[in-house]
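Build the full structure now, drawing on both the sequences and the hints.
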Amino acid sequence: MAEAVGSAKSAPSPSLRTRRLDLSAAVFGIAAAILVFMVVVPLAWIFVGSVHSDVDETLTLSNYVRAFTRSIYLTPIRNSLVLATAAAVVATFFGTVLSWAVSRTDMPGRNAIRMMVFAAFATPSFLGATAWIFLAAPNSGWLNKIWIAVTGAERGPLNIYSMEGAIFVIALYSFPYTFAFASSALELIPSDMERSAALLGARWPRITWRITLPLVRPAILAGALLSFLEAISEFGTPAFLLIPAGKQVITTQLYLFFQYPNRPNLAAAYAVPLLLVTAGLFLLQQRLLKRGRFTSVGGKGGVREPFRLGGWRWPLLGVCLIPTLCALVLPYAALLATSLTRAWGRGPVPGNLTIDWYKWALVENPAARAAIGHSLIYAAAAATIATVIALFTAYVAQRRLVPGARVLAFIAMAPFVVPGIILAIGFFSAYARPPLVLYGTAWMLIVAFATRFLPIAYSGSESALRSIDVELENAARTLGSTTLNTFARITFPLLRRSVVATWLTAFIPSLRELSSAVFLFTPSTAVITNIIFDLSDAGNFEPVSALGVLMMALTFALIALAYRLFGRTVLFSRARG
Amino acid sequence: MSRKTQRIDRRAFLRLGAGALGAAALSPRTLLAAESDDEQKLYAEAKKEGKVVWWTSHYQLSAAEAVRDAFKAKYPGIDVEFIRQTAQVVFQRLSQNLKAGVKEVDVFASTDESHYLKLKSQNVLARYTPLGESNLPKVYRDVDPDKTYHTGAIALLIINYHPSVSAPPQKWTDLLDPKWQGQITLGHPGFSGFVGNWVVAMSDKYGWDYFTKLAKNKPKIGRSIFDTVTDIVSGERKVGAGAENASLESKAKGNPIDIKFPSDDSILCVSPVAILKDAPHPNAGRLFESFFYAKEYSEALAKTFNYPLRSDVPAPSGIPIEKVKYYRNKAERLDKGIPEAIEKWRETFGV
Amino acid sequence: MARIRLVDVKKDFGAVPALRGINLTVEHGELLAILGPSGCGKSTTMQLLAGFLDPDAGEIWADDRLLSSPRGIVPPERRRMSLVFQSYAVWPHMTVFENIAFGLQMRKLPERQIGERVQLMLDIVNLGGFEGRYPHELSGGQQQRVALARALVVEPDTLLLDEPLSNLDANLREQMRFEIRRIHERTKVATIYVTHDQAEAMVIADRIAVMNKGVIEQIGTPHEMYEHPRSRFVASFMGGANCLKANVLEPGLVRCGDVQVRAAESEGFRPGDEVVLCIRPHAVRVHRVGNGRERGENLASGRLLQQAYLGDFQDLRIALAGGTQVRAMMPAGPAFEGGEAVVVELPQEACHLLPS
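Chains as they are written, first to last, in the working numbering: chain A, 1 to 577; chain B, 1 to 351; chain C, 1 to 356.
Honestly, the hints are just simulated from the structure, not real lab data. A few of these clues could be false.
Stretches of chain A that chain B covers, calculated by requiring three or more beta carbons in the stretch to come under 8 Å of a beta carbon on chain B [unchecked claim]:
hint, segment
1, 436–443
2, 485–497
3, 533–540
Pairs of lysine-lysine, DSSO-like flavour, derived with a Cα cap of 30 Å [unchecked claim]:
hint, chain 1, residue 1, chain 2, residue 2
4, B, K253, A, K145
5, A, K145, B, K218
6, A, K359, B, K72
7, A, K359, B, K253
8, B, K72, A, K145
9, B, K260, B, K303
10, B, K205, B, K74
In this text, all values refer to a predicted model and were calculated from it rather than measured experimentally. For each residue, glycine too, the CB sits at the ideal point set by N, CA and C.
The structure is reproduced here in structure tokens:
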């Protein structure tokens with residue numbers, strides 16, 4: 001065989017295979033090394049840490065015993081489950097109704113609703129929680145005060161410092177997940193399916209209930225699971241709303257383990273079951289999505305005609321406005337108003353108005369100013385790293401360029417099931433100690449953000465790649481173009497828009513990331529969310545609001561720019577889990 | 001490392017020299033001149049380092065900003081980077097840094113005195129006698145005979161309340177009255193050093209029973225002791241176990257809040273300050289710590305409604321600290337007491 | 001120019017064998033069609049030929065150059081093969097010119113030469129003047145020709161065409177068959193053409209290899225394949241022959257239902273063997289009852305089940321007395337009536353016996 005090849009006169013090189021193998025090995029090696037560094041090592045540290053004592057680092061199972069026998073640690077688990085389940089149910093209800101209204105009916109203002117859902121998606125829930133404190137704190141909340149003023153009642157009806165309050169706020173900012181899943185599925189159902197039912201004599205409520213919704217049920221369930229995942233991983237909102245209510249959830253309990261006395265290994269043990277639950281749910285969600293594929297089978301080229309709702313259009317719009325009003329209009333008004341007051345408790349009244357907090361954030365307070373800069377730089381760096389690695393991994397995996405590429409894909413998706421706070425614990429355990437001390441440097445946050453949002457970037461890249469027929473690449477290969485050159489000349493130019501969209505979907509959450517940042521920053525690497533969180537603990541809500549408004553202004557400016565440049569596809573391009 | 005030792009040696013040598021020259025006839029004036037000389041040298045060294053990094057939980061953000069501004073006014077060319085966080089949070093971050101070998105902070109200022117006992121036992125604090133410590137009232141000098149930490153701030157924990165309350169609580173035990181149900185705001189000992197101090201003091205005075213009863217009144221638990229001010233000012237809650245400084249500052253801004261020195265003792269917190277052995281800017285750290293005993297520091301504190309350290313600066317409340325009936329926890333008691341308090345707090349209040 | 005040889009090539013996908021041992025030679029300048037139903041392995045063969053897949057066993061050679069073996073493959077870009085895809089795979093972000101020039105740029109030809117060769121190629125595929133257009137401004141047939149031009153302009157040793165016409169409408173498809181044949185005559189590049197369309201293969205190919213279930217059933221010229229299929233599968237796939245169960249009575253004579261049929265040849269069968277009697281629908285003749293030829297060898301009575309009028313022909317389905325069905329294509333003439341009793345004649349020279 002070797003002789004045969006060697007003796008071939010026309011063979012350009014006798015060692016083709018070896019070279020190709022070497023390149024594959026190198027490619028695989030680099031990708032694997034980066035992913036191991038970003039994902040495997042930090043996660044492995046959680047498991048390693050969980051079986052080591054916090055006191056003397058000896059091997060032990062006592063952390064698990066301690067974490068899961070004491071009632072003060074068990075109650076938060078129950079609270080988390082209640083919180084996440086209820087939030088997922090509420091979010092799923094609104095997400096489904098809105099997606100149906102927007103994609104299947106002639107309800108007025110559909111595009112505006114769609115935009116508002118996206119804006120809710122871009123808003124971090126801890127900011128919403130802060131705003132809802134202004135609105136619905138039991139005694140001082142503006143809505144309660146208005147209620148008291150109008151009705152003369154002793155107390156207002158709302159108490160945001162409660163489990164119900166936290167459920168409400170989290171649902172407000174996670175319903176876009178169900179919305180995105182359900183609406184992308186709904187948009188694939190050709191009207192023919194519904195028309196067939198209509199021809200058989202059904203009216204729209206029955207058609208919706210019997211035909212439309214069952215068709216998108218897997219997508220709705222997938223979105224619901226994602227909402228659950230988000231809710232159970234949420235840190236900021238419970239910290240702001242549930243600690244005052246005397247309730248811990250898993251994430252705030254994890255945070256406490258990191259307070260003095262610091263017990264990172266106990267925290268790791270406490271985190272492991274949560275990790276298993278989220279991983280299990282994710283697998284379930286993936287199976288649902290796979291089984292739900294039939295929704296798209298008949299979806300090619302079908303005409304989609306919205307239901308004519310007649311007089312029901314306006315009540316439906318009313319229902320759709322509830323979540324958008326609660327997630328956007330009220331909170332942003334509250335944040336803006338607070339950021340412009342000297343003391344928020346006195347409300348936005350003359351004499352209490354000032355723009356000092358903006359001056360403070362942008363000029364006077366170097367820490368806040370530095371944090372804004374850090375946020376932008378770190379988020380940009382993280383988004384770039386995540387996009388490059390995701391694109392690369394997705395390419396290698398999807399085109400099966402190297403054996404074991406699917407393992408890479410799996411690793412790239414793995415952080416999806418890791419709540420930010422747990423990822424941070426892993427990062428801290430892995431990279432706050434020799435040989436590689438990233439803690440204290442910008443890289444700690446950048447790499448953590450990149451890892452955290454790698455799955456988003458990955459699924460974006462993957463679906464973008466899937467839209468490119470592999471034959472376009474193979475055509476170039478047969479014409480003498482190497483894999484690398486093909487990627488540069490064919491694949492990448494075709495992907496450019498998707499790459500920008502992917503970058504943005506990693507950038508936006510990085511910009512507003514709190515749960516991993518609270519563990520990983522040091523004051524010299526603080527980002528906006530760190531400052532917001534730190535300020536909020538002493539009730540400095542006015543500068544918190546000013547910073548929040550600035551952060552969201554930056555976010556929305558970027559989204560607007562992207563929208564202008566790339567159109568609607570940029571928004572919701574992460575509709576796939 | 002060697003440079004640092006050298007400098008310390010030189011200063012020691014200077015002191016020795018001064019002593020030898022006229023130990024008997026050492027007038028305050030020459031001492032002052034010598035100190036000012038030291039100060040100028042230190043300033044020059046510190047200026048080369050360019051900045052000082054300071055982590056504090058001592059007082060409100062505004063006070064820390066005032067201190068920073070006063071320092072920068074006195075010593076142009078040296079920047080002050082600071083963070084203000086609750087005591088347990090800054091301590092936790094410092095512990096993480098130490099464990100990871102990250103050298104970031106020069107001057108560490110916590111409200112939990114026990115933190116310094118731990119840090120000292122870990123041998124991570126620099127031994128240093130700040131210039132001008134002699135300006136302090138005697139009770140605050142030499143909190144550590146080994147000179148690894150020094151008094152950095154004093155604060156009083158008091159009852160704060162909304163002026164709409166006609167009969168504010170007079171003493172801590174009044175908070176147990178069921179009429180305050182749903183009206184009380186507290187910080188969290190797991191975050192705030194002040195609150196930890198208060199919890200230890202209360203449980204030493206009245207036993208843990210005090211908190212079991214207090215829990216029945218369903219207090220709102222924030223994180224920082226300063227959360228109580230926000231809650232009262234906004235009308236969210238009526239009374240709190242708060243700090244005098246932030247309450248008075250807020251009152252001065254025209255917010256609806258007032259304070260009451262409880263008849264069963266205000267709690268005095270003496271909050272230390274220390275320089276880290278591995279400080280990245282050791283000289284700036286020393287200059288900054290010495291600044292704590294300069295008049296400008298006390299003035300900055302008084303301006304932001306904190307008790308000044310120096311007796312030549314009047315107290316913002318008008319009541320000098322000596323006149324206040326206070327209770328003070330011993331550092332050794334806090335060392336065990338605060339972690340215990342946090343655990344028990346969890347069981348009693350659920351968070 | 002190269003002579004392509006596949007030697008016992010095997011490929012599995014997981015537990016599913018896709019190719020069970022393919023042996024095939026494509027001579028210099030030859031156009032060989034691989035014909036088969038979907039799932040027969042013809043696309044896998046193409047992927048292996050192009051170097052996108054590694055064989056599990058066997059070898060692929062271009063002259064004396066080993067291209068693929070389980071131990072390694074020459075990557076697609078160095079096999080000097082061009083591939084035209086079913087989807088055309090014309091790059092949407094490049095103009096016609098850029099598409100065609102791409103392969104020449106990969107070969108680092110001077111720009112002027114690239115320009116000349118692209119122009120020449122555009123003329124060959126009748127796309128002169130279209131060089132500045134983007135693919136979305138072209139019709140399907142034009143895109144197809146761009147793909148062809150792009151594949152040919154690099155003067156590959158071998159040209160692979162993977163169902164290149166399946167996305168075109170019927171008229172255009174027919175036109176492009178001749179077009180491809182014409183271009184092949186002109187370039188004489190060894191070409192392998194994958195298709196599931198028997199007519200297409202017959203028009204275009206010098207030789208046809210019929211594949212089924214991962215093996216090549218038969219290779220031969222279109223004429224051989226049509227006239228002398230060696231298996232039932234080939235017979236039915238090439239022109240949809242009637243395949244009737246029969247038993248050999250004596251050399252050359254079989255019993256099919258209750259009719260005795262004399263076949264064109266009978267080598268290799270012994271009396272008693274079960275065989276398949278194949279006859280093309282075009283060769284079957286149908287007579288009305290009553291013209292005298294109703295009994296005898298190669299004559300069977302039956303009843304007309306269905307008839308369709310196809311213009312020049314009528315397509316008839318007849319149930320024979322034994323229950324088997326026969327399809328006949330008769331020149332359009334006097335119309336039969338549905339249900340009418342008929343006599344079916346199976347001319348001896350058109351009756352071929354195949355192993356069952």
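Tested hints:
1. Restraint check on the segment 436–443 of chain A versus chain B: 3 residues with Cβ-Cβ distances below 8 Å, three needed, restraint holds.
2. Coverage of the segment 485–497 of chain A by chain B is violated in this model, with 0 residues showing a Cβ closer than 8 Å to a Cβ of that chain against a need of three.
3. Remark: the segment 533–540 of chain A is confirmed as covered by chain B, as 6 of its residues place a Cβ nearer than 8 Å to a Cβ of that chain, reaching the required three.
4. Distance check on the hinted pair: K253(B) and K145(A) sit about 22 Å apart at the alpha-carbon level, within 30 Å; holds.
5. For the hint pairing K145(A) with K218(B), the CA-to-CA distance comes to about 21 Å; that is within 30 Å, so the pair holds.
6. For the given pair, K359(A) sits about 20 Å from K72(B) by alpha-carbon distance, which is consistent with the 30 Å threshold.
7. Note on K359(A) and K253(B): the hinted pairing holds, with a Cα-Cα distance of about 19 Å set against a maximum of 30 Å.
8. A threshold of 30 Å between alpha carbons decides the hint, and for K72(B) with K145(A) the separation of about 44 Å lies outside it, so the pair is violated.
9. This hinted pair checks out: K260(B) and K303(B) have alpha carbons roughly 20 Å apart, not beyond 30 Å.
10. For a cut-off of 30 Å, the pair hint linking K205(B) to K74(B) is broken: about 43 Å separates their Cα positions.
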